[in-house]
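Once you know that position 33 of the sequence shown is 41 in this note's numbering, the rest is easy, because the numbers rise by one and skip nothing.
For the record, the hints were derived by calculation from the structure and aren't laboratory data.
Note that beta-carbon positions come from the ideal geometry of N, C-alpha and C, so glycine has one too.
Be aware that one or more of the hints could be misleading.
Here are the simulated distance ranges between beta carbons [claimed, not checked]: (1) THR93 with GLU31: 11 to 21 Å; (2) SER79 with GLY120: 34 to 44 Å; (3) LYS105 with GLY23: 16 to 26 Å.
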Amino acid sequence: MIIDTNGLMIPGQFGVDIFSELERLGFNTCLVPSASIKELEKIYARAHGRDRIAAQIALSLVDRCTIIEKSGPVDDIIIDMAIDTDAAVLTNDIELKKRLCSKGVTIIHLRGKTHLSI
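Required output: the full structure, derived from the provided sequences and hints.
Structural data, given as structure tokens:
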């Protein structure tokens, strides 16, 4: 299971515990590309208000994940990782979801702002 940048921001934005939700869906291991962490750090440094708080919460959660050292465009890294490891991806990013769907990758997303769904 791979979590992208906005997937990590779900707890701060919507108050949903993504780890218990992922476990409920049968996923126990979470991978995060280091490029996503860099994105979160940029958001935290530049944003204000809710987005900054959500990025801060997301950064505090990454220690519960395995960090995969990869650099480059985050979406490309996530797609390559998902195909290489046959992993599902947690994202709400519409463009990334379209690209993942075209490659046959399982997508997990926030549903009804209350829970995750496949």
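Consistency of the hints with the structure:
1. THR93 with GLU31: 11 to 21 Å: holds (19 Å)
2. SER79 with GLY120: 34 to 44 Å: Holds - the Cβ-Cβ distance for SER79 and GLY120, about 35 Å, lies within 34 to 44 Å.
3. LYS105 with GLY23: 16 to 26 Å: holds (22 Å)
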